[in-house]
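The whole structure should be built from the sequences, with the hints applied where relevant.
Line by line, the protein sequences are chains A and B. Sequential numbering from 46 applies to the first sequence in my numbering. Sequential numbering from 46 applies to the second sequence in my numbering.
Source of the hints: derived by calculation from the structure; they are not laboratory data. Hints should not be assumed to be uniformly reliable.
All copies of an identical chain are treated as equivalent in the list; a pair is satisfied when it fits inside any one copy or across any two copies.
[To be verified] List of simulated lysine-lysine pairs, DSS-like, C-alpha gap at most 27 Å: (1) K102 to K424; (2) K311 to K275; (3) K240 to K175; (4) K111 to K234; (5) K175 to K102; (6) K275 to K126; (7) K355 to K393; (8) K209 to K328; (9) K366 to K84; (10) K416 to K275; (11) K344 to K422; (12) K102 to K212; (13) K126 to K241; (14) K102 to K393.
Protein chains: 2
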Amino acid sequence: MSVRFELHEKPHPHILVTDLISVQAVDRSFFGTEVNGKKIHLTLSPEEALYLMDVRKAECETPDGKPASFNDVAGAFDGPKFLARYFSFRDWRDRGLIVRPMDEAEGPYGRSPSEKYPAADYKPPTVAAKGQFFYDDLMSVIDDNEEGSRLYEQHWFGQFGTYKAKKHGQFLKLDAYETLFLARHGKYKLNVSAKKIEELALERRPDFLELYQVYEDWRLRGFVPKTGFKFGTHFRLYFPGAKPTMESGEWMHSRHVIHCFPRSAKMLISEWARAIRVAHGVKKTFILAIPGASVHPKKNLLDFLLYHRKGGDIETPRHDKPTYVMLALSEEEQIGGQELAESIEQAKALGLDLILAICDRETAVTYYRVKRIEIPKSKYEYYEIEWVQP
Amino acid sequence: MSVRFELHEKPHPHILVTDLISVQAVDRSFFGTEVNGKKIHLTLSPEEALYLMDVRKAECETPDGKPASFNDVAGAFDGPKFLARYFSFRDWRDRGLIVRPMDEAEGPYGRSPSEKYPAADYKPPTVAAKGQFFYDDLMSVIDDNEEGSRLYEQHWFGQFGTYKAKKHGQFLKLDAYETLFLARHGKYKLNVSAKKIEELALERRPDFLELYQVYEDWRLRGFVPKTGFKFGTHFRLYFPGAKPTMESGEWMHSRHVIHCFPRSAKMLISEWARAIRVAHGVKKTFILAIPGASVHPKKNLLDFLLYHRKGGDIETPRHDKPTYVMLALSEEEQIGGQELAESIEQAKALGLDLILAICDRETAVTYYRVKRIEIPKSKYEYYEIEWVQP
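Put into structure tokens, the structure is as follows:
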């Protein structure tokens, strides 16, 4: 006999499991919540009820005994991200794993260790040549080749000669981030002021200053960020000590890329996911940068507590702590930098890693795991985002 | 002895090659333009002059005999996309290939054949069940499983059951494009009007109607566009006759993705290139859609005539027609849909394929070739964009 439950519309939509066999079946599979602290009746969240109807052929009725369909139940609860939440819930359960409502969270669970990066102190060089800034290209050129090749070889600023062929051609070409950095930290003089460079760059891309802040923060910790254009991101990243050529004369490969998401920016999930996909495709670690001061989140933004596996066993609320916390999103949703930062902050407060579950227009779900990074002395928050298949 | 030339500032900045040996050397390599129809003196474009200085160690002087550096020459000509043009010019020449100025174009050259796609007439089905639209998810659900599986199996609308596991779970889930298409062409009735769906979708993404127009155009020609989320684009595309499962029970793989670029939209080149990169990474053909009426371009937007190879030989202006026409762009530049459409239109009028050369912040150049697609009876213009290494 299949599981049965009732859809009540009053005083607000809720779902009740009352018959003993259904209560036991539902509870055994970690669905439902006790009513009044007793397991005589259970309430189901809409996701739980729809899952049991969709996948386990449960039957739902109204109090007067009429059958309630998927759309009757779902329609009664429709609201923000309703289906995105449902399909993300369903996908996690379909993997044989447990999902529980956020209000069961206790925490901090201490299951969110951060990744430590090898920062180093860095003293920027003083530039002993004048540069020419090209206003529409947002780049500068130093045509003093002695000074140019020194800045390139010893500090890896700009590109001397030709990309991957330093000895073909000459002159040092610096992008807007490098130019502004050297103007501020290396007494680099140009045909325009640093202020003017900022203005011109801001006209081109409104997020220029946030990108610069991220560039500067990594540079001052000894890292070398270069353009990430080939990898679809704002920067690719080399660890402290990197030089444009290795001793063997081979090109050095970066293993990290940085994508900057300003707090004030809004972005379609699909566009954001695209950046992660490129990085994944070229086997680089994707680093998310959210510059600016962190704030304390006001209301709960997270969707579900997730239980995962330990060895060969699945973790359950009976014996284990939750493993992750899920933020469910849909492909065509906008997300703000601030909202994402707050979600990560909430996960951190619970001591759990955040899993972003993105439900596409075909209801397929993709998961991204967010891990915190620790860089001594850095000013902002950074996270590794990893595409995972749970 | 190296090539020598002069930078003149008056009446406007220009570069002159006057000594016989330099004139001959420059002309032999297909640089320079005759002055007054005679090869006694040549003028050089700034790109040509800088290339000769940068790579061939040419010397430039002012009329009073003072040496002019790279920045002296470049600074005299600085303007829109100055360095992007120069580095794109340089990269093409560095490959041993010839670049010539646009004003030498004669055309039409008849070297831009279009790719023909197999369109078919398509009659949309009539939907015999009511759907529930979920306003924040922009999706609808049909919970009548008989009608749902018919629409899925015979027409591949939506997703029945679970993605890649149709028999797990039930109910048909349709995205906003499919929902609106069936409301307009298949009498699909929902809890909201088609008008309301448009409004809700437009709030979420301002380019919704353009995306829908593209979806509708391909659907009515018999193609099946589905979400391209996994491939970082708006749609992935199946050719006429495609079904959700092949006879062998295997999943069908798409080989094309569609990215829609509205004429009124502006986009950073880096973001646009990212979409092409993902498609390339998963070995799909990237189709650019520019919906809306085509217009005739007012001013020339193109940068250079390009000569390429024929068999093992390079093509030259002495014996051959140009092969392509180049639009040079830089990573951090904004491009508009209209501007791109006009550039393609100009290339078409010349009878040449367009090459987009994108110069990144490190002066490395990436090339994309634009090929026109012909789809009988379709309303809009479509192009295959292919990453090429000339």
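Hints versus structure:
Taking the closest pair of Cα atoms, K102 and K424 never come within 27 Å of each other, the shortest separation being 52 Å inside a single copy and 45 Å across copies. In this homomeric assembly, K311 and K275 come within 27 Å of each other (Cα to Cα) both inside a single copy, at 24 Å, and across copies, at 21 Å. In this assembly of identical chains, the alpha carbons of K240 and K175 lie at most 27 Å apart only when taken from the same copy (17 Å versus 60 Å across copies). Taking the closest pair of Cα atoms, K111 and K234 come within 27 Å of each other only across two copies (23 Å); inside a single copy the shortest separation is 80 Å, beyond that limit.
Taking the shortest alpha-carbon separations for K175 and K102, only the inter-copy value of 21 Å comes in at or below 27 Å, while the best intra-copy value is 75 Å. Taking identical chains as interchangeable, the C-alpha atoms of K275 and K126 lie at most 27 Å apart only when they sit on different chains, with a minimum of 20 Å there against 34 Å within one chain. In the homo-oligomer, the alpha carbons of K355 and K393 lie at most 27 Å apart inside one protomer (21 Å), although the nearest pairing across protomers, at 61 Å, exceeds that limit. Both within a single protomer and between protomers do K209 and K328 lie at most 27 Å apart by alpha-carbon distance, with minima of 20 Å and 26 Å respectively.
Taking identical chains as interchangeable, the C-alpha atoms of K366 and K84 lie at most 27 Å apart only when both belong to the same chain, with a minimum of 21 Å there against 84 Å between chains. Proximity of K416 and K275 under a CA criterion of 27 Å is satisfied in both settings, with 24 Å inside one chain copy and 22 Å between copies. Proximity of K344 to K422 under the C-alpha cut-off of 27 Å is found in neither arrangement, the shortest distances being 30 Å within a copy and 52 Å between copies. Taking identical chains as interchangeable, the C-alpha atoms of K102 and K212 lie at most 27 Å apart only when they sit on different chains, with a minimum of 13 Å there against 70 Å within one chain.
For the identical chains of this complex, K126 and K241 are inter-copy neighbours only, at 18 Å across copies versus 44 Å inside a copy, given an alpha-carbon limit of 27 Å. Taking identical chains as interchangeable, the C-alpha atoms of K102 and K393 are never at most 27 Å apart, the minima being 37 Å within one chain and 58 Å between chains.
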